[in-house]
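Generate the whole structure from the sequences, applying the supplied hints.
Those protein sequences? They're chains A and B, same order as listed.
Residue numbering for the first sequence follows my numbering, starting at 13 and increasing by one per position.
Residue numbering for the second sequence follows my numbering, starting at 8 and increasing by one per position.
FYI, nobody ran anything at the bench for these hints, they're computed from the structure.
Ideal Cβ positions, reconstructed from N, Cα and C, are used throughout, including at glycine.
Treat the hints with care, since some could be wrong.
[Said to hold, decoys possible] Which chain B residues stay away from chain A? Per the calculated CB distances, all over 10 Å, these:
1. LEU13
2. SER16
3. PRO26
4. ALA42
5. LYS80
6. ALA94
7. ASN95
8. GLU118
9. PRO132
[To be verified] Quick list of in silico lysine-lysine cross-link-like pairs, DSSO-like style, CA-CA up to 30 Å:
10. A/LYS127 to A/LYS53
11. B/LYS44 to A/LYS53
12. A/LYS53 to B/LYS17
13. A/LYS107 to A/LYS186
[What the hints assert, rightly or not] Between beta-carbon pairs, the in silico distance windows are:
14. A/ASN99 to B/ASP68: 48 to 54 Å
15. A/ARG79 to B/CYS66: 36 to 42 Å
16. A/PRO197 to B/LEU133: 46 to 52 Å
17. A/ILE86 to B/ASN95: 54 to 60 Å
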Amino acid sequence: MADDSIFSGEEDIVRDAEALLEANSTQVPSGAYGRLLDRYKRLFVQLQRIMRMADRFQLELAVTSQRLEELSQIDVVTGIANRRSFNTAYQREWKKARRDGLSMAVSMIDIDHFKRFNDLYGHLPGDVCLERVAGAIDSCLKRPGDYVARFGGEEFAAILANTDTAGAQVVAEKILQAVASLAIPHIGSSYGVVTVSVGIAVDMPPRDDPFDLTLLRAADEALYEAKSQGRHCARVRLGPFSPRFPPPLQ
Amino acid sequence: MQPLILKGSKSTPSIHFDPASHVLRLQGQSYPENASKFYAPVFAWLREYLAQPEGTRVCVDVELAYFNSSSSKILMNFFEILEKTAANGTSVEVFWRYREDDETSLECGEEFKEDAPGLSFHLVPLTEE
Chain A
13 MADDSIFSGE EDIVRDAEAL LEANSTQVPS GAYGRLLDRY KRLFVQLQRI MRMADRFQLE
73 LAVTSQRLEE LSQIDVVTGI ANRRSFNTAY QREWKKARRD GLSMAVSMID IDHFKRFNDL
133 YGHLPGDVCL ERVAGAIDSC LKRPGDYVAR FGGEEFAAIL ANTDTAGAQV VAEKILQAVA
193 SLAIPHIGSS YGVVTVSVGI AVDMPPRDDP FDLTLLRAAD EALYEAKSQG RHCARVRLGP
253 FSPRFPPPLQ
Chain B
8 MQPLILKGSK STPSIHFDPA SHVLRLQGQS YPENASKFYA PVFAWLREYL AQPEGTRVCV
68 DVELAYFNSS SSKILMNFFE ILEKTAANGT SVEVFWRYRE DDETSLECGE EFKEDAPGLS
128 FHLVPLTEE
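Next comes the structure, spelled out in structure tokens:
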């Protein structure tokens, strides 16, 4: 079966070398060591080639895997982070805020009358609209801890680390203006252009609190409030663990 | 002598060795779980085929986009056997086919070519249709 081994060449060399070592030096034919060495050298060069090829394939796989990892985090329509990426970021920031005893803000941003926009203008212009709005929101988030993702449909979610109510409201106001200034025509909206509504939730995760989605739910409630109060505006909810902040306004 | 025909799988290449036309073709990817075991019947066939005293022209056609280290060692052994055959007077032509934009496959072809100077070894780009 030795012939079937992929290392039959190497095994032969070892066997012949052992035979040489065991043989009486007078029995060793002249040039035997040299021939053995030549065979070894050939295999040594082969090994180097195999390593180079393996290194190339491994590099290629590593690059591909890295690229796929990046792609898996990006929303293909808007080019910003996707929902999967958001979930990871949300957990990370929540834990960080809890550890550092800092407040954290989450904003849910929804394009107003987007279904109507699609019906009026078509789905491809709808995609362009999503992409431009995503870009406008992104341009309002400048701090290192700021993060925005496409949450789903026409909804975006932003995370503002170490941010209180006032800070989150300033950012929301900027977002409202940035999107309106895109001046994307929307005859189905009373504003005549594409606008967004923003729901903000601010909370300070308590130290003993397990991770949950309270903040997201609160932001969603605030968003509904903004929607029901005329759209193109921002509303705030405070999460249940924010004792430092006053209770929500009526 | 019967041709050797193995249907390819995700991890093993399709093999079509035809003793009538003297074309030995290997195509696909090669990272079998046990490369020695997978290629044992291939080498057995090859040895039997090459033992036949025919002064023919053997054409070896290889198109492997991806292979693991064990498979590259096996290819080295494969080309070594062919080199010996060529040294004994049989004409052996190897065609290493690689996708035009696949630099890795090209460089692997170059490694095999340099390792087997006794073979007439051609690197042939496959242009995309």
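Query raised in the report: Cβ-Cβ distance between A/PRO197 and B/LEU133: within 46 to 52 Å?
Result: Given about 49 Å between the Cβ atoms, the range holds.
Report task. Please test the hint of 54 to 60 Å on the beta carbon pair from A/ILE86 and B/ASN95. Result -> At 58 Å between Cβs, range holds.
Query raised in the report: Just checking, B/PRO132 versus chain A, shortest CB gap more than 10 Å?
Result: 18 Å, holds
Query raised in the report: Can we confirm that no CB of chain A comes within 10 Å of the CB of B/PRO26?
Result: Per Cβ check, B/PRO26 is outside 10 Å of chain A; nearest 20 Å; holds.
**Report entry** Whether the CB-CB distance between A/ASN99 and B/ASP68 falls inside 48 to 54 Å
**Finding:** Hint holds: Cβ distance 49 Å, inside 48 to 54 Å.
Query raised in the report: B/LYS80: least C-beta distance to chain A exceeds 10 Å?
Result: 5 Å, violated
Requested in this report: Taking the shortest Cβ-to-Cβ distance between B/ALA94 and chain A, state whether it exceeds 10 Å.
Outcome: 14 Å, holds
Query raised in the report: Given the hint that B/LYS44 pairs with A/LYS53, does the C-alpha gap stay at or below 30 Å?
Result: 27 Å, holds
Requested in this report: Could you tell me whether the CB distance from A/ARG79 to B/CYS66 stays inside 36 to 42 Å?
Outcome: Since A/ARG79 and B/CYS66 have Cβ atoms about 38 Å apart, the given range 36 to 42 Å holds.
Report task. For the pair supplied as a hint, A/LYS53 and B/LYS17, confirm whether the alpha-carbon distance does not exceed 30 Å. Result -> Roughly 35 Å between the alpha carbons, so the hint for A/LYS53 and B/LYS17 is violated.
Requested in this report: Measure nothing beyond the straight line between the CA atoms of A/LYS107 and A/LYS186; if it is 30 Å or shorter, mark the hint as holding.
Outcome: The given pair, whose Cα atoms are some 27 Å apart, holds under the 30 Å limit.
Requested in this report: Measure nothing beyond the straight line between the CA atoms of A/LYS127 and A/LYS53; if it is 30 Å or shorter, mark the hint as holding.
Outcome: The hint is violated at about 71 Å.
Hint compliance for this structure: hints 4, 5, 8, 10, 12 are not met, and every other hint is.
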